[in-house]
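K.L.:
So you can see what is in the structure, the chains are spelled out below.
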Amino acid sequence: MSLLFDIVLLSMLALTALRIIFLKDLFAVVMLFGIYSFLSALIFVNLDAVDVAFTEAAVGAGISTVLMLSTLALTGRTEEKSSHSSFLPLIVVVTTGAALIYGTLDMPPFGQADNPIHQHVAPRYIEQSPQEVGLPNMVTSVLASYRGFDTLGETVVVFAAAVGVLSLLGVRRKEREDQESGLKAHRVLRVVAKLIIPLIILFALYVQFHGDFGPGGGFQAGVITAAAFILYALVFGLPQAFKVVSPRFTEILAPLGVLIYAGVGITSVLKGGNFLDYNVLAADPVAGQHLGILVIELGVGITVFAVMLSIFYAFASQTEKANIQ
Amino acid sequence: MLDPHMPILPILLPLIAAPLSLLLGRSQLSWMLAVVASALSFFCALSLFAVCLDQGAIRYSVGGWPPPWGIEMRLDTASAFILLAVTAISTLVLVFAKESIAKEIDADKHSLFFTAHLLCLTGLSGLLITGDAFNLFVFLEISSLATYTLVSLGKDRRCLTAAFRYLVMGTIGATFILIGVGMLYMKTGTLNMLDLAERVQAIDSSRTINTGLAFIMVGVGVKLALFPLHMWLPPAYTHAPSAVTAFLAATATKVAVYVMIRFIYTIFGAEHVFHEMGMDLILLVLAVVAIFKCSFMATIQSNVKTVLAYSSVAQIGYIILGISMVSVTGLMASLLHIFNHALMKGALFMAVGAVFYRMGSVEVKAFQGLGKHMPLTMAAFTIAGLSIIGVPLTVGFVSKWYLVTGALEQGNWLLSILVLLGSLLAVIYIGRILEAAYFNDLPKSVEASSVKEAPVLMLIPMWVLVVSNIYFGIDTDLTIGAATHAAEWLTQHTDAMGARP
Amino acid sequence: MSFVADYYNYWVVVFLMMTGFYVVISANNLVKKIVGLNIFQTSVFMLYISMGKVTNGSAPIVAEGIEQYSNPLPHVLILTAIVVGVATTAVGLSLIVRIKRAYGTVEENEFQDKDDVI
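Protein chains in written order, with the numbering used here: chain A, 511 to 835; chain B, 13 to 513; chain C, 31 to 148.
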C-alpha cells in the first residue's frame with residue numbers, strides 16, 4: 511500500500527516537473543510549483559518525515575509561492591522565447607544525471623533497517639534521547655539540543671534573508687489614504703478572514719509549544735503566525751496591516767529572536783557548561799533541557815515570524831510604485 | 013592559558029554583533045560595533061593560532077554532547093592561519109569602509125551594510141572552525157547569503173545582475189555540496205569530519221563515495237571560482253562597492269579553497285583523491301588554464317576592478333596548482349599564497365576604492381596623473397601590484413618561489429616555467445595602470461584641485477596591508493613556519509575522532 | 031525486480047533533480063530560474079528523506095506500541111535545508127524585482143543586450 515502511494519506520488523511529481531519545463535505562462539508555473547511542494551509534503555509523510563512535511567507545506571507551498579506570486583505581479587506573467595539553444599544545458603543535465611545514477615548503483619537499498627545510516631549515530635537519538643532530553647519528538651531533541659548549533663545557524667540564515675530583502679527592497683511606508691488596497695469589498699472574504707485569523711494564531715501557538723510532543727516547533731509556528739497576518743494584510747489592505755504590526759516592529763523582533771537563542775547559549779557558558787549546553791540551565795539536567803529547548807524555540811519562532819512578515823511587507827509594498835504588467 | 017570557550021568566540025562575536033547592529037540602526041554605531049566585534053575576533057584568532065602551532069588541534073563540543081552525536085568545532089593550524097587572515101582583513105576593511113561607503117552606498121543602507129558584513133564574517137569563521145560536514149553547509153549558506161546582499165549594495169545597476177548570477181551559481185554549488193555530503197552520510201552514517209574520515213577511508217572503493225567526492229569538488233569549485241566555474245566573479249567584483257570587493261577578494265574564495273583542502277586531506281584522504289581518482293591531473297590542467305586565460309583577460313580590460321577580478325581568478329589558479337602537486341611543499345605554497353594573496357588583493361582593492369572615492373571612476377583612464385596627485389594611494393597600489401607580479405622582497409615573491417620549488421622538486425620544469433610566464437602577464441596588466449598613473453598627466457577635464465589624497469581612515473588600513481606585504485616578504489619565518497606546520501599536519505596526521513589530538 | 035524496488039526511489043529523485051537543474055540553467059525568465067532552483071533543492075531533500083526511511087518503521091515520535099522508528103537525523107538536516115532554501119529564494123526574488131525596475135525586463139536575453147557583459 512505504502513509502495514503504491516510512493517509510486518503514484520512520485521509519478522505525479524515527475525509529471526508536474528516536466529510540465530514546468532515547457533510552460534511559458536509563469537503564473538501556471540508558480541501554481542505547479544505549489545502543487546509540486548504539496549506533493550513533496552505528501553511524500554515526506556509517506557516516508558515518516560512528519561516534521562519535514564509540515565515545514566515543506568508551510569514554507570514551500572506557502573511562503574515561497576506567495577513570494578513568487580508577488581514578484582510576478584511586478585515582473586510580468588509570460589516568459590519570452592530564449593535566444594540560445596537548449597543543447598548545451600541538455601548535455602550538462604544528462605551528464606550530471608548520469609553521474610548521479612552511477613552514484614546510486616551501490617547505495618544501500620531503500621528502507622532496510624541495517625543500512626549504515628541507521629547504525630552508529632542514530633541509535634542514540636532513538637533509544638536515549640527520551641531519557642537524556644526527555645521529549646517524545648526525537649526530531650525536536652536532535653534539532654534543538656544535540657544539533658542545536660545548526661539550528662542557531664538556521665535562525666541566522668533566516669535573519670540574513672531579512673537583511674538581504676530589506677536592503678534590496680525596503681518597506682515603502684508612504685501609502686496614500688485613498689489607495690485601494692486589500693479585498694475589503696468582498697464581504698465573504700472579510701467575514702471568513704475575521705473568523706479564521708484568530709484560529710490560525712491559536713493553532714500557531716499550539717504548534718509552537720506542542721513541537722516537543724508532535725510535529726511542530728518554532729519554525730513552523732513562526733511561519734503559520736506570519737501567514738495569519740499576511741492573510742489579514744491581503745484582505746484588509748496593507749495600510750491597515752501596518753497599523754496592527756508595523757514594519758518597524760518586525761525589524762525589531764527579527765534580531766531579537768537571534769539574540770534570545772544566542773543568549774541561551776551564553777547563559778550556559780556563564781553557568782559553567784559549553785555553549786548551548788542545556789544540562790546546566792537548571793538543577794536537573796532534563797529540566798534544563800526542557801527549559802533550554804523552550805526558550806530557543808521561542809527565539810526561532812519570533813525571528814521566523816518577524817522575518818517572514820517583513821519580507822512579505824517588503825514585496826507587497828512595492829506594487830504601488832513599480833512597473834506592473 | 014586558553015579560555016576553554018575561545019574556539020567558539022570568533023563565530024559568536026560577529027553572530028551577536030550582527031542583530032545588534034540592525035537594532036542600533038545608526039550608521040556610526042553600527043560601524044563602531046562592527047569594528048569592535050571584528051577586532052575582538054582577530055585577537056581570539058591570534059590566541060587560537062598560537063595554541064594550534066603549539067599543540068596541533070583544538071576541539072570543542074557545542075552543547076556539551078560528544079561528537080558524533082553533537083556538533084564539534086575543530087581547529088588545526090591551517091584553519092587558524094586562514095582565520096587570522098580573515099579576521100584581520102575584516103577589521104581593516106571595516107575601518108576602510110567608513111569613508112568608502114559614503115560615496116558608494118545610499119546612506120539609509122549603511123547600517124544594513126555593516127550587518128551584512130558581520131553576517132559574512134560569521135559565516136566565514138564558522139566555515140573555518142566547524143568540524144561537522146552539515147554545519148559547514150549551514151555556515152556556507154550564511155556567508156553566501158550575506159555576500160549576495162553585499163554585492164547588490166552597489167550603485168551601478170549591473171551589480172544586481174551580477175549578484176543574481178552569483179546567487180544562482182552559488183546555490184547550485186551549495187546544493188551539489190549537499191548532495192555530496194548526503195552520499196557520504198548514506199554510506200557512513202555520520203556527519204562529523206573526523207568520524208567521516210575514519211569511515212570513508214575504511215570503505216574500499218565505492219561508486220557512491222566517488223560520486224559524492226565529485227559533487228563536493230564541483231560544488232566547492234563554484235565557490236572558489238575554479239576555472240571554468242568562475243563566471244560569477246568578474247561582474248560581482250567589478251560592480252560591488254569597493255569595501256565589499258576588498259573583503260570578498262581577500263577572503264571568500266580562499267575559505268572555499270580551505271573547504272576543498274579539508275575534504276581532500278582530512279575526509280577523503282589525499283591518496284585516494286589524487287591517485288585513484290586522478291584529481292591531481294584535473295586540478296593541474298584547470299589551474300594552468302585559469303592562470304593563463306584569466307591573466308590574459310586581465311590585460312585587455314578597461315575597468316581596473318575587472319582587471320583585478322580576473323587577476324584574482326588567476327591567483328586562485330596558482331593556489332590550486334600548489335594543491336595539485338600533491339606534495340608537502342605544494343600544499344604549503346598554497347596555504348602561504350592564501351594568506352599572502354589576502355594581503356595583496358586587499359591592499360589593491362582598497363587603493364582602487366580610494367581612487368573611486370576621489371575620481372568617481374575606476375577606468376584605467378581615471379588613473380592618469382594620480383601618481384602625482386594621490387601619491388600615497390598609488391604607492392600602495394604599486395607595491396601591492398609588484399607583489400602580485402612576484403618581485404623579490406614582497407610576499408608574492410615568496411609564494412611563487414615555493415610554487416616553483418615544489419614543481420622543481422618533482423622534476424617538473426615545465427610547470428615552473430609556466431608559473432614564471434604567468435608573472436609576465438601580470439607585469440602587463442599591472443604595468444598598464446602604473447603607466448597611466450605615473451607617466452600621464454591628469455586629463456584636462458579634471459580639476460587639479462579636486463584631486464586630493466584619500467582620507468586617512470582609508471589610507472591607514474591600506475598601508476597596514478602594504479607594510480605587511482613587505483614585512484612578511486622579508487621576515488618569512490612566521491608565515492612559512494605556520495604554512496609548513498599546517499601542511500605537514502594535514503598530510504601526515506590522521507587523528508581519530510575519539511583520541512585526544 | 032528487487033533491484034528496481036530497492037533503488038527506484040533514488041532514480042526518480044535523480045530525475046526530479048535533473049528536471050529542476052535543467053529549468054535553472056535553460057530558462058530565460060529569471061523567476062522561472064528560481065522556480066527551477068526550488069525544484070532542484072526540494073528533490074535533494076527527498077533524497078535525504080528517502081535515506082532515512084525504515085520499511086515498516088514509523089515517524090520518530092515516541093508512542094505506545096511502536097517498535098521500529100525511522101531515522102530522525104535526516105529529518106533534522108532537511109528542516110534546516112528547507113529554511114536555507116526559502117531564504118535564498120526570498121533574496122533571489124528581491125533581486126529580480128530590483129532588476130525589473132532597473133532594466134525594465136527580467137528576460138535574460140533582453141538585459142544582456144542592454145549591458146556590457148563582462
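Just so you know, these hints were derived from the structure itself, not from any lab.
None of the values given here were measured: they were computed from a predicted structure.
Ideal Cβ positions, reconstructed from N, Cα and C, are used throughout, including at glycine.
A few of these clues could be false.
A few chain B residues that don't get close to chain C, going by computed Cβ distances all over 12 Å [to be verified]:
no.	residue
1	Tyr72
2	Gly76
3	Trp81
4	Ala175
5	Thr187
6	Leu190
7	Phe368
8	Pro467
Covered, in the sense of this in silico footprint (three residues per stretch, anywhere, with C-beta under 8 Å from a C-beta of chain B), are these stretches of chain C [what the hints assert, rightly or not]:
no.	stretch
9	70-80
10	89-96
11	126-134
K.L.:
Can we confirm that no CB of chain C comes within 12 Å of the CB of Phe368(B)?
P.N.:
The assertion about Phe368(B) holds, with a minimum of 17 Å to chain C.
K.L.:
Decide, holds or violated, for the assertion that all CB atoms of chain C are farther than 12 Å from the CB of Pro467(B).
P.N.:
holds, 29 Å
K.L.:
Taking a Cβ-to-Cβ distance below 8 Å as contact, does the stretch 126-134 of chain C have at least three residues touching chain B?
P.N.:
holds (count 5)
K.L.:
Taking 12 Å as the cut and beta carbons as the points, is Tyr72(B) off the interface with chain C?
P.N.:
Tyr72(B) clear of chain C: closest Cβ-Cβ about 21 Å, beyond 12 Å.
K.L.:
Check, residue by residue, whether the stretch 89-96 of chain C contains three or more positions whose beta-carbon lies closer than 8 Å to a beta-carbon of chain B, and give the verdict.
P.N.:
violated (count 0)
K.L.:
Should the label of Gly76(B) as a non-interface residue stand, given a Cβ cut-off of 12 Å to chain C?
P.N.:
At roughly 18 Å from the nearest Cβ of chain C, Gly76(B) sits farther out than 12 Å, so the non-interface label holds.
K.L.:
So is Thr187(B) really clear of chain C, every C-beta pair being over 12 Å apart?
P.N.:
violated, 6 Å
K.L.:
Looking at Ala175(B) again, its CB stays over 12 Å from all of chain C?
P.N.:
violated, 6 Å
K.L.:
Taking the closest pair, is the beta carbon of Leu190(B) still more than 12 Å from chain C?
P.N.:
violated, 6 Å
K.L.:
Minimum Cβ separation between Trp81(B) and chain C greater than 12 Å?
P.N.:
Its Cβ does come within 12 Å of chain C, the nearest being 10 Å, so this is violated.
K.L.:
For the stretch 70-80 of chain C, does the count of residues with a C-beta closer than 8 Å to a C-beta of chain B reach 3?
P.N.:
holds (count 5)
Comparing the model with each numbered hint stated earlier shows that hints 3, 4, 5, 6 and 10 do not hold.
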